[in-house]
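Sequences listed follow chains A and B, in order.
Per my numbering, residue 4 is the first one in the first sequence, and the count goes up by one each step.
Per my numbering, residue -17 is the first one in the second sequence, and the count goes up by one each step.
Hints in this document: simulated from the structure, not taken from any laboratory.
We put the beta carbon where it would ideally sit given N, CA and C, even for glycine.
Please note: incorrect hints may appear among the correct ones.
[What the hints assert, rightly or not] Every beta carbon over 12 angstroms from chain B, so not counted as near; a handful from chain A, in silico:
1. Lys19
2. His20
3. Lys23
4. His93
5. Asn110
6. Gln151
7. Ile156
8. Asp201
9. Gly205
10. Gln254
11. Lys266
12. Asp269
13. Glu278
14. Leu286
15. Glu305
[To be verified] Some but not every residue of chain B turned toward chain A, in silico, with C-beta under 8 angstroms:
16. Ser157
17. Ala176
18. Gly178
19. Asn180
20. Trp227
21. Pro229
22. Lys230
23. Pro260
24. Ser281
25. Lys287
26. Thr291
27. His312
28. Phe315
29. His316
30. His317
[Stated by the list, open to error] Straight-line alpha carbon distances no greater than 30 angstroms define the calculated DSSO-like cross-link-like pairs of lysine-lysine that follow:
31. A:Lys19 - B:Lys277
32. A:Lys297 - B:Lys206
33. B:Lys200 - A:Lys297
34. A:Lys98 - B:Lys150
35. B:Lys258 - A:Lys284
36. A:Lys23 - B:Lys287
37. A:Lys266 - A:Lys98
38. A:Lys19 - B:Lys297
39. B:Lys62 - B:Lys200
40. A:Lys153 - A:Lys266
Each chain, written out:
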Amino acid sequence: MRYLHSEEVLAGFPIKHFIKGEALPNPDKYAIKLTLDWGDDHSFETLLQDLLAQPKTSEITALVIGMWDPEPYDATPEAVLKFLVEHKAHFPKLKHFFLGDMTSEENEISWICHMDLAFFFAVYPKLETLKIRGANDLALNDLGKLTQLKTLIIESGGLGRQIIEQITSADLQNLEHLELWLGDENYGANTNIYDFEDLLSGDLFPSLKYLGLRNSEHADELAPVVATSPLLLRVDTLDMSLGNMSDQGGQAFLKSSALGNLKQLDLYHHYFSNEMMEALKALPMNVDVGDQNKPDDWGDGEMHRYIYIGE
Amino acid sequence: MRHWHLLGIPNDPRILGFQAALQAQKTQVTLASYHDNPAIAFEALRPNAIVRFDSPAWSFAAVRQLMQVGESFASAHGFKACSPTQIKAAQIEKGELITPPQFFYGLIQHLQQASELCQQQGAQCLSHVPDISLFYDKAACHQHLSHAQLPVPFALPQVQSYEDLRHKMRESGLSRVFIKSRFGSGGSGVIALALGHNRVEARTTTVFQHGKLWDHLKVYSMNKESDIALLVNQLAPWGLHVERWIPKAQLQGQSIDLRVLVIAGEPTFFVLRKSKTPITNLHLLNERDDTSLLKQCMSESAWHKLLETCRTVGKLFPKTYQLGIDIAVHSDFHHHSILELNAFGDFLKGITYQELTPYQWQIKQVQNWLTCEH
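Please model the complete structure; the sequences and the hints are all you need to start from.
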């Protein structure tokens, strides 16, 4: 389950909660998480006000926003983001930001409501890490303002194609880690292989070291275009884990002559045959073929293969 | 050394385990079976003996027999009852879920008789039947803990049907709830329900198929409201207890909760249960892990408050030697809520305290506890 470890760490900082009425965890050591529990008798705004009153708030470099409303299914993060914008003077060192750190018990990943973050980018242009969970109504206009962005992660149960366009139209010279969870059509995914043409052309993001197109229900169709992308000549890691890839997709990597300098190929959670797993493991880079799954037979003549996180 | 009597199912690993732990201490032990009428099972009861009640659930025959005993009581309390023929025909072995209230009333009736016999013959019982009754009745237990100001999830007033549920959720402003069969045990009859904008999502271990309810060792997802309504309405005549869904803390992407075994009022054994689903009950073959993982994520004061809650629960039931508390640490790793209390929750393998298993520890401490005033 190392694949979901992420919520315990942000940009190398272990995540610690700031609890109202208690001291701020050391911001040099920890990513500070703010979240609302139904047992709390204060609002998110009160929690934020309390944060401002802490002596070391201006030292915060990594900030994590969890449940911004105890009943979050129809609440966007607007109030939280506006607060951070309004009080930007209190967060001069903020570099790493995670919006929507909610578990599936708090809110389904595809139910988390977002919005256009352009106004936030304008005020925090020095972000180096931006991680977002959920993609409903999300827009990343003006993403290019984040000229120092090194890591962009969008975890979703269904990613819309406009997000891909907004990302690829941003000139992010420093971007090293681009991780997109593509998801399921039933939950808003509408990308097809043509939406990744610009990204895979190899002309964008000159610093890219890690490319993740994860949790995809079109993993088999995506694999051949990714496996032959010129981008692979310069990234270290290709991560197509958590999708529904079968032998058809696996074949693309065996046939490709463009795997270049790839050091790590991550295909964890898949529907490969044993033979395909062996063949992939024999490739010259490190290949992760953990979590083999068997398709479900519903008796409707079609075999069903699932991605790791839907809903 | 005092003689022990164990009430349970003779070949149940619980009984075998406790018996072995007693025999290792050269303590004499007699088994009393649920298969027998209490008057017969406790015929050989010796004055001054120590009596321990364990679960009857290992034996389907015993479960059926208790359901029959409970029929009139369940009907009298307004629950849908099953006839002896229906009970006989039910495929309990394959996971068919029938008539939890009847089992409950039958069990309490049986234990009440056993307890009276113990009293008459001067034996000392480690359980208190009114406590067991309370632990098994989720609605009554919640109310009791809530009155004692203990942290429990907000609960809806008694829910009669799916329509009633939706109405009460709306009134209380709740969008995510756990629906439990009021007298169910383990993960049986549990539905985690989330309402979103024009959508619903339910996860459950219980399904309605071929006109019957079935418990499976697997969690199903449902997103058709009519299916969910049907399931809730099938469970409703046996009593429902509905609480706010407490988002549990997660470690390594898995939801966790704690089973705390309180012995003689002191939280002594801890099991961390992990699950990829929101339903963390032990029955569902979930993983267990070391509690220190969780403690690392909590502040010292939050952990101490949790222990204090367990002690307060222990104090509420001074006549009960041991009880299992299921407790959820919230996703903020700060708050906690009591989810359930268990009368027979001490069958926990692979954990020790001062190098003793839960059974060994109870045997060692029992004399101290019995000599205290209750």
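Tested hints:
At roughly 8 angstroms from the closest C-beta of chain B, the C-beta of Lys19 of chain A falls inside 12 angstroms, breaking its exclusion from the interface. With a cut of 12 angstroms on Cβ distances, His20 of chain A falls inside the contact zone with chain B, its closest approach being about 5 angstroms. Listed as outside the interface, Lys23 of chain A is inconsistent with that label: its C-beta sits roughly 9 angstroms from the nearest C-beta of chain B, within the 12 angstroms cut-off. At roughly 22 angstroms from the closest C-beta of chain B, the C-beta of His93 of chain A stays outside 12 angstroms, upholding its exclusion from the interface.
The Cβ of Asn110 of chain A does not lie farther than 12 angstroms from every Cβ of chain B; its closest approach is about 8 angstroms, which violates its non-interface assignment. For Gln151 of chain A, the condition that its CB be more than 12 angstroms from all CB atoms of chain B holds, with the nearest at approximately 30 angstroms. A cut-off of 12 angstroms between C-beta atoms confirms that Ile156 of chain A is not in contact with chain B; the least separation is 15 angstroms. Distance check for Asp201 of chain A against chain B: the nearest CB is about 32 angstroms away, which clears 12 angstroms, and the non-interface claim stands.
A cut-off of 12 angstroms between C-beta atoms confirms that Gly205 of chain A is not in contact with chain B; the least separation is 33 angstroms. Chain B leaves Gln254 of chain A outside its interface by the beta-carbon criterion, the shortest separation being 30 angstroms against a cut-off of 12 angstroms. Separation of Lys266 of chain A from chain B is adequate, the least Cβ-Cβ distance of about 25 angstroms exceeding the 12 angstroms criterion. At roughly 16 angstroms, the least C-beta separation between Asp269 of chain A and chain B is larger than 12 angstroms, which holds for a residue marked as non-interface.
Under the 12 angstroms C-beta cut-off, the non-interface status given to Glu278 of chain A relative to chain B holds; the minimum distance is some 29 angstroms. With 12 angstroms as the threshold on Cβ separation, the claim that Leu286 of chain A sits away from chain B holds: the shortest Cβ distance comes to roughly 28 angstroms. Listed as outside the interface, Glu305 of chain A is consistent with that label: its C-beta sits roughly 19 angstroms from the nearest C-beta of chain B, beyond the 12 angstroms cut-off. The interface hint given for Ser157 of chain B is met, as the beta carbon of that residue sits about 5 angstroms from the closest beta carbon of chain A, less than 8 angstroms.
With 8 angstroms as the threshold, the beta carbon of Ala176 of chain B comes within range of chain A, its nearest partner Cβ sitting at about 7 angstroms, so the hint holds. Given the 8 angstroms rule on beta carbons, the hint for Gly178 of chain B holds: about 5 angstroms separates it from the nearest Cβ of chain A. Restraint check, Asn180 of chain B versus chain A: the minimum CB separation of about 11 angstroms is more than 8 angstroms; hint violated. Annotation: interface hint on Trp227 of chain B holds; nearest CB of chain A at approximately 7 angstroms, less than 8 angstroms.
A hinted interface residue such as Pro229 of chain B counts as satisfied when its beta carbon comes closer than 8 angstroms to some beta carbon of chain A; here the least separation is about 4 angstroms, so the hint holds. Annotation: Lys230 of chain B was flagged as interfacial toward chain A, and the flag holds, the nearest CB pair being 6 angstroms apart, inside 8 angstroms. A hinted interface residue such as Pro260 of chain B counts as satisfied when its beta carbon comes closer than 8 angstroms to some beta carbon of chain A; here the least separation is about 5 angstroms, so the hint holds. Evaluation of the Ser281 of chain B hint against chain A yields a held restraint, the C-beta minimum of about 7 angstroms falling below 8 angstroms.
Checking Lys287 of chain B against chain A by beta carbon gives a least distance of about 11 angstroms; that is not within 8 angstroms, so the hint is violated. Proximity of Thr291 of chain B to chain A is violated relative to the hint, the smallest CB-CB distance being about 13 angstroms (cut-off 8 angstroms). The beta carbon of His312 of chain B comes within 5 angstroms of a beta carbon in chain A, closer than 8 angstroms, and the hint placing it at the interface holds. Nearest Cβ of chain A to the Cβ of Phe315 of chain B: about 6 angstroms, under the 8 angstroms cut. The hint holds.
This hint holds: His316 of chain B has a C-beta 5 angstroms from the nearest C-beta of chain A, less than the 8 angstroms allowed. Below 8 angstroms, beta-carbon pairs count as interface contacts, and His317 of chain B has one with chain A at about 4 angstroms; its hint therefore holds. The hinted pair formed by Lys19 of chain A and Lys277 of chain B meets the criterion: a straight-line CA distance of about 13 angstroms does not exceed 30 angstroms. Of the supplied pair hints, the one linking Lys297 of chain A and Lys206 of chain B holds, its CA atoms being roughly 25 angstroms apart against a limit of 30 angstroms.
Under the criterion of a C-alpha separation no larger than 30 angstroms, the hint pairing Lys200 of chain B with Lys297 of chain A is consistent with the structure, at around 17 angstroms. Among the hinted pairs, Lys98 of chain A with Lys150 of chain B is inconsistent with the structure: their alpha-carbon atoms are about 44 angstroms apart, more than 30 angstroms. Among the hinted pairs, Lys258 of chain B with Lys284 of chain A is consistent with the structure: their alpha-carbon atoms are about 28 angstroms apart, no more than 30 angstroms. Distance check on the hinted pair: Lys23 of chain A and Lys287 of chain B sit about 16 angstroms apart at the alpha-carbon level, within 30 angstroms; holds.
At roughly 28 angstroms between alpha-carbon atoms, Lys266 of chain A and Lys98 of chain A fall within 30 angstroms of each other, so this suggested pair holds. Restraint check for Lys19 of chain A and Lys297 of chain B: the C-alpha separation of about 33 angstroms exceeds 30 angstroms, so the hint is violated. Restraint check for Lys62 of chain B and Lys200 of chain B: the C-alpha separation of about 27 angstroms stays at or below 30 angstroms, so the hint holds. Restraint check for Lys153 of chain A and Lys266 of chain A: satisfied, since their Cα atoms lie roughly 20 angstroms apart, inside the 30 angstroms limit.
In summary, the numbered hints that this structure violates are 1, 2, 3, 5, 19, 25, 26, 34, 38.
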